[in-house]
Amino acid sequence: MTLVLAQSVEEAGGGRYRALAFRRMVLILCLVAALFLSVAVDMALGPANYALSDVLKALFQPASVDDQLRVVIWDIRMPIALMAVTVGASLSVAGAQMQTILANPLASPFTLGISAAASFGAALGLVGGVAIFPVAVHYMVPINAFLMAMVAALFIHFASTMRGVTVETIVLLGIALVFTFNALLSLLEYLASEQALAAVVFWTMGSLTKATWVKVWVTAAILVFAVPLFARRAWALTALRLGDDKAASFGINVRGLRLETMMLVSLLAAIPVSFVGTIGFIGLVGPHIARMLVGEDQRFFLPASLVCGALLLSVTSVVSKTIIPGAILPIGVITALVGVPFFFVLIFSNRRRSW
Amino acid sequence: MVSLALKGLGAKYGKHVVLSGVDTDVLAGGVITAVIGPNAAGKSTLFKRIAGLTSGPGTVYLSDTDKGPETICYMPQDTGANAVLTVYESILLAAKQGSSWKVHDRDLTDIDRVLRALRIDDLAFRGLGELSGGQRQLVSIAQALVRKPEVLLMDEPTSALDLFRQIEVLGFMKTLASRSGMAVLIALHDLNHALRYCDNTIVIAGGKMAASGPTADVITQGMLRDIYRVEARIEACSHGKPLVIVDNSII
Numbered sequence: 152m153t154l155v156l157a158q159s160v161e162e163a164g165g166g167r168y169r170a171l172a173f174r175r176m177v178l179i180l181c182l183v184a185a186l187f188l189s190v191a192v193d194m195a196l197g198p199a200n201y202a203l204s205d206v207l208k209a210l211f212q213p214a215s216v217d218d219q220l221r222v223v224i225w226d227i228r229m230p231i232a233l234m235a236v237t238v239g240a241s242l243s244v245a246g247a248q249m250q251t252i253l254a255n256p257l258a259s260p261f262t263l264g265i266s267a268a269a270s271f272g273a274a275l276g277l278v279g280g281v282a283i284f285p286v287a288v289h290y291m292v293p294i295n296a297f298l299m300a301m302v303a304a305l306f307i308h309f310a311s312t313m314r315g316v317t318v319e320t321i322v323l324l325g326i327a328l329v330f331t332f333n334a335l336l337s338l339l340e341y342l343a344s345e346q347a348l349a350a351v352v353f354w355t356m357g358s359l360t361k362a363t364w365v366k367v368w369v370t371a372a373i374l375v376f377a378v379p380l381f382a383r384r385a386w387a388l389t390a391l392r393l394g395d396d397k398a399a400s401f402g403i404n405v406r407g408l409r410l411e412t413m414m415l416v417s418l419l420a421a422i423p424v425s426f427v428g429t430i431g432f433i434g435l436v437g438p439h440i441a442r443m444l445v446g447e448d449q450r451f452f453l454p455a456s457l458v459c460g461a462l463l464l465s466v467t468s469v470v471s472k473t474i475i476p477g478a479i480l481p482i483g484v485i486t487a488l489v490g491v492p493f494f495f496v497l498i499f500s501n502r503r504r505s506w
Numbered sequence: 017m018v019s020l021a022l023k024g025l026g027a028k029y030g031k032h033v034v035l036s037g038v039d040t041d042v043l044a045g046g047v048i049t050a051v052i053g054p055n056a057a058g059k060s061t062l063f064k065r066i067a068g069l070t071s072g073p074g075t076v077y078l079s080d081t082d083k084g085p086e087t088i089c090y091m092p093q094d095t096g097a098n099a100v101l102t103v104y105e106s107i108l109l110a111a112k113q114g115s116s117w118k119v120h121d122r123d124l125t126d127i128d129r130v131l132r133a134l135r136i137d138d139l140a141f142r143g144l145g146e147l148s149g150g151q152r153q154l155v156s157i158a159q160a161l162v163r164k165p166e167v168l169l170m171d172e173p174t175s176a177l178d179l180f181r182q183i184e185v186l187g188f189m190k191t192l193a194s195r196s197g198m199a200v201l202i203a204l205h206d207l208n209h210a211l212r213y214c215d216n217t218i219v220i221a222g223g224k225m226a227a228s229g230p231t232a233d234v235i236t237q238g239m240l241r242d243i244y245r246v247e248a249r250i251e252a253c254s255h256g257k258p259l260v261i262v263d264n265s266i267i
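First to last, the sequence lines map onto chains A and B. Going by this note's numbering, the letters in the first sequence line up with residues 152 to 506, in that order. Going by this note's numbering, the letters in the second sequence line up with residues 17 to 267, in that order.
By construction, these hints were calculated from the structure, which means they are not laboratory data. Treat each hint with caution, since some may be false.
[Unchecked claim] Calculated cross-link-like contacts (lysine to aspartate or glutamate; reagent style DMTMM-like; alpha-carbon spacing at most 25 Å):
id, chain 1, residue 1, chain 2, residue 2
1, B, 31, A, 396
2, B, 23, B, 86
3, B, 164, A, 396
4, B, 118, A, 217
5, B, 23, B, 41
6, B, 31, A, 226
7, B, 164, A, 395
8, B, 28, A, 217
9, B, 257, B, 247
10, B, 224, A, 411
11, B, 190, B, 263
12, B, 164, B, 138
13, B, 28, A, 395
So that you can see chain A by itself, here it is in the shape it has in the complex (with noise of 0.2 Å):
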């Protein structure tokens, strides 16, 4: 073996690498594009169908279009095409960092119980009328959906500061509060009337309607908070799905960083859901595809699971318009059916390693 041969960086593996790094950001760069076209798509379609140029001219020049496409555009599609960005990019997000800091593939706020602890602290306020903050009795079932969602994502944070407790059995815990919550859900739904029934289910599958601006803000603040912090420690971040042992070996601190990390995952997966509802394909498969895009550097990984969860959710929610004309289908029932033949033909076109 030898120690040291001279060799310029674009001659050996670092010209290879730069040419990598440059592809995935413009892959990166392109799924940006398609979300920007899916967003303006989105906002087009609706029970009056707009042309694409008309909805860019409301977005860009809002002063030469009529006062009715411009109230249209902007105080009635953009918060509900915008809450399906911010909402998919979330959860997205949320899934991509439970699935590292857990090092397990079905980790998603989905499966660790937040979606179905969500959706019981809903049911409690639409078929009990309780309100757990009993202050804010006019937003009582997105304040209890929140309450409980941050309470299943507290048990799942402490439980995994706990010693002795392994990532395998957070996520043993994770299914535990699954059917437990989708258990009480199913004694609420039972006790219910049968208009109180309707609500719950509706409110299930997710739906984007409801979306206002304040929502939007809401969901996109948490984003601008927690995406910032863990762009700061994607070495770190990245370094952890090669093991606990080789993670602490290069100088992170893995117990500090998993319980940070679970406490910004637990806002980001808990504040949609309790806005939209149960939406469970988008931070399991999200970060899903993304990693078969780009793999696991999250410098790359980051970026694209967040686009990718908000892209999936955008064409969902186009999808959800162009079904049935005139109605717009519950968006959580849509989200896998869009998702799953795509993410089928990843997984299948991709012969490399994705998990």
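Since the structure of chain A is provided, determine the placement of chain B on it from the hints.
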């Protein structure tokens, strides 16, 4: 050149003491020290304690008092975790911990140099999940070397390598230690490798240090009987070098 000494070193997991009383003379830079002992004797725990990854009594003294634990690099045994990363990315990851996102040309030059030195540059853009156990072990060594440590603790780095690669890696580490002044501690099970490549040896058994000193003085017939429970002879090979020949296990 950094050297280190261990004084009264021990380790605990919760209240359970798993290692105690490790005292050594100065472990000099520029040479390899073997850490040997039966399975579950506490070799990995000793390394983790030296690297500051577990708590316990005692002190690790570094000759250069300005240098902290960051100069010590622990290379753990491979756990088989399969991240969706190329070999190149996994080594970059080791080099860039605690740094900014930006990858400089010098980072890439360092990686290329280590890959070539270990003769695994042909693996650079293979996925970690596509590698054999031995190849993964070579990648782990590359991840440790790219961090340019002054004290390197290698936990069974040759356990999955074929005989050719074992000799190649240990020979390379001996040359690297002597050229760079790095202090290298290697946990080994092959005592003939310890005799051939390691100047000093520490014996760990039952969570305690059983012996330490020059390798030829430590690996003796008596030590093999008491620690490993085998009847063995230390004989000179045709080149005059000591060789462990095992006759029987002692039941």
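Status of each hint after checking the structure:
Note on residue 31 (chain B) and residue 396 (chain A): the hinted pairing holds, with a Cα-Cα distance of about 21 Å set against a maximum of 25 Å. Distance check on the hinted pair: residue 23 (chain B) and residue 86 (chain B) sit about 19 Å apart at the alpha-carbon level, within 25 Å; holds. For the given pair, residue 164 (chain B) sits about 19 Å from residue 396 (chain A) by alpha-carbon distance, which is consistent with the 25 Å threshold. Restraint check for residue 118 (chain B) and residue 217 (chain A): not satisfied, since their Cα atoms lie roughly 47 Å apart, outside the 25 Å limit.
With a C-alpha separation of about 9 Å, the suggested pair residue 23 (chain B) and residue 41 (chain B) falls inside the 25 Å cut-off, and the hint holds. Restraint check: the Cα-Cα separation between residue 31 (chain B) and residue 226 (chain A) comes to about 62 Å, which exceeds 25 Å; the hinted pair is violated. Note on residue 164 (chain B) and residue 395 (chain A): the hinted pairing holds, with a Cα-Cα distance of about 21 Å set against a maximum of 25 Å. A threshold of 25 Å between alpha carbons decides the hint, and for residue 28 (chain B) with residue 217 (chain A) the separation of about 74 Å lies outside it, so the pair is violated.
About 20 Å separates the Cα atoms of residue 257 (chain B) and residue 247 (chain B), which keeps this hinted pair within 25 Å; it holds. About 37 Å separates the Cα atoms of residue 224 (chain B) and residue 411 (chain A), which puts this hinted pair outside 25 Å; it is violated. This hinted pair does not check out: residue 190 (chain B) and residue 263 (chain B) have alpha carbons roughly 30 Å apart, beyond 25 Å. Restraint check for residue 164 (chain B) and residue 138 (chain B): satisfied, since their Cα atoms lie roughly 22 Å apart, inside the 25 Å limit.
For a cut-off of 25 Å, the pair hint linking residue 28 (chain B) to residue 395 (chain A) stands: about 18 Å separates their Cα positions.
Consistency note: the structure conflicts with the earlier hints numbered 4, 6, 8, 10 and 11.
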